[in-house]
Amino acid sequence: MNPGTLSGGWNFVMAAYGVTFSVLFIYGVSIVSRLRQESKNDE
Amino acid sequence: MKTTAPAILLAIGAYFGFVVAVAQFHGMTAFALGLPSGAIATLAATCGVAGAIWFLFANDQVESPRPAQLLIGLALLCLGFGSYYGLFVAPPEQYMGEVQRIMYVHVPTAWNALLAMTLAFVCAVIFLFNGDYKWDSRMEGSIETGVVLAFLLCCQGAIWAKPTWGVWWDWDPRLTTTAVLLFAFLGILALRKFVEDPAKRAIWSAVSTIIAYVDVPIVYFSVRWWNSLHQQQSSPGTVSKQFWLPLRLNAFGILFLMVAFIMLRARIASLRLKHEMAPPLPEIAELGEAV
Numbered sequence: 001m002n003p004g005t006l007s008g009g010w011n012f013v014m015a016a017y018g019v020t021f022s023v024l025f026i027y028g029v030s031i032v033s034r035l036r037q038e039s040k041n042d043e
Numbered sequence: 001m002k003t004t005a006p007a008i009l010l011a012i013g014a015y016f017g018f019v020v021a022v023a024q025f026h027g028m029t030a031f032a033l034g035l036p037s038g039a040i041a042t043l044a045a046t047c048g049v050a051g052a053i054w055f056l057f058a059n060d061q062v063e064s065p066r067p068a069q070l071l072i073g074l075a076l077l078c079l080g081f082g083s084y085y086g087l088f089v090a091p092p093e094q095y096m097g098e099v100q101r102i103m104y105v106h107v108p109t110a111w112n113a114l115l116a117m118t119l120a121f122v123c124a125v126i127f128l129f130n131g132d133y134k135w136d137s138r139m140e141g142s143i144e145t146g147v148v149l150a151f152l153l154c155c156q157g158a159i160w161a162k163p164t165w166g167v168w169w170d171w172d173p174r175l176t177t178t179a180v181l182l183f184a185f186l187g188i189l190a191l192r193k194f195v196e197d198p199a200k201r202a203i204w205s206a207v208s209t210i211i212a213y214v215d216v217p218i219v220y221f222s223v224r225w226w227n228s229l230h231q232q233q234s235s236p237g238t239v240s241k242q243f244w245l246p247l248r249l250n251a252f253g254i255l256f257l258m259v260a261f262i263m264l265r266a267r268i269a270s271l272r273l274k275h276e277m278a279p280p281l282p283e284i285a286e287l288g289e290a291v
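From first to last, the protein sequence lines are chains A and B.
Last residue of the first sequence? That's 43 in this note's numbering, and every number before it is there in order.
Last residue of the second sequence? That's 291 in this note's numbering, and every number before it is there in order.
Only chain A is shown next, with the shape it has when bound in the complex:
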């Protein structure tokens, strides 16, 4: 390993991926449920 290289950091990597996929999943679910609600109101 080069001098000055950051060691470790997997916890930050996992946190970034976790936040990314959680936010995208929650937003996706919220859109689908809102669309279902609006479609029901439309009928």
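Hints are supplied without guarantee of correctness; some may be wrong.
What the hints assert, rightly or not - Just the calculated beta-carbon pair ranges, DEER-fashion: (1) B:65 to A:26: 16 to 22 Å; (2) A:8 to B:125: 44 to 50 Å; (3) A:29 to B:63: 19 to 25 Å; (4) A:8 to B:276: 52 to 58 Å; (5) B:237 to A:22: 30 to 36 Å; (6) A:29 to B:239: 30 to 36 Å; (7) B:77 to A:10: 24 to 30 Å; (8) B:237 to A:43: 53 to 59 Å; (9) B:225 to A:25: 33 to 39 Å; (10) A:7 to B:61: 49 to 55 Å; (11) B:31 to A:4: 34 to 40 Å.
Calculated directly from the structure, the hints in this document are not laboratory data.
Heads up, the beta-carbon is just placed ideally off N, CA and C, and yes, glycines get one too.
Put chain B on the given structure of chain A with help from the hints.
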């Protein structure tokens, strides 16, 4: 579902984005057709974005959820392979080590957040010219999706900043202008929530979107114009070949997801608009008189 023309563009984008990246990694340069790496990346990005946006505008007015489902399926495929490759196959970076793997989600999120804001700007301009409310719905979908991606961008940036800069946040030009962008577009969503008249809401939010969009080029060029902690933009010439594939796979994955979200969110906006613009039901007394 209209797919032929956008599918051809997406296939060209995928060829230059993924096939050439894999082939070059294995030393098979013939796949690149003699083109330099900058031209390959530009072709991949241009065809991918043009194909995805064409698909969006060709299919977002249909009632079937099929087009969005197709995009979400493609997005999951790209993000699954891209994240696996970025986390477990690509080597750690020379100085940042493992932490650099955050780049494979952070950079695609940044590109797509700015793209969503750009789509909102285009929809705002077109709405002001032709007054067709489908562009207002598309604008609402683009703004909300852009805000979610910009929020995600700030979170990922803070997580990457802590181990590399030693702080979660710094009032650096890139970070500050991105925060301004997030809050400006969040303000437009709030404006849309508070204005009940559809015509006023559409015009005011289109004008506000055009004004807020001024910040997008400022975000992009902030690292060049001012002395910033944030690094300047990289290019295929300055990034190792081993990093190209996960970055491009995730970029396409988030692009497809963003387009699917805009498509579904624009549909919600147009259904709400349909209710708001529907003529009021006659009163019971009026019905009695008619009988």
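Consistency of the hints with the structure:
1. In this structure the supplied range 16 to 22 Å holds for residue 65 of chain B paired with residue 26 of chain A, their Cβ-Cβ distance being about 19 Å.
2. As the Cβ distance of residue 8 of chain A to residue 125 of chain B is approximately 48 Å, the hint placing it in 44 to 50 Å holds.
3. Judged by the Cβ atoms, the range 19 to 25 Å given for residue 29 of chain A and residue 63 of chain B holds: they are separated by roughly 21 Å.
4. For the pair residue 8 of chain A and residue 276 of chain B, the supplied restraint of 52 to 58 Å holds, since their beta-carbon distance comes to about 54 Å.
5. Between residue 237 of chain B and residue 22 of chain A the Cβ separation comes to about 34 Å, which falls inside the hinted range of 30 to 36 Å.
6. Restraint check, residue 29 of chain A to residue 239 of chain B: a C-beta distance of roughly 34 Å satisfies the suggested window 30 to 36 Å.
7. Range check, residue 77 of chain B to residue 10 of chain A: about 25 Å between beta-carbon atoms, so the 24 to 30 Å window is met.
8. The hinted range of 53 to 59 Å is satisfied by residue 237 of chain B and residue 43 of chain A, whose Cβ atoms lie roughly 55 Å apart.
9. Here the CB-CB span from residue 225 of chain B to residue 25 of chain A is close to 36 Å, well matched to the stated 33 to 39 Å.
10. Take residue 7 of chain A and residue 61 of chain B: their Cβ atoms lie about 53 Å apart, and the range 49 to 55 Å holds.
11. A hinted range of 34 to 40 Å for the beta carbons of residue 31 of chain B and residue 4 of chain A is consistent with their spacing of about 36 Å.
Comparing the model with each earlier hint shows no violations; every hint is respected.
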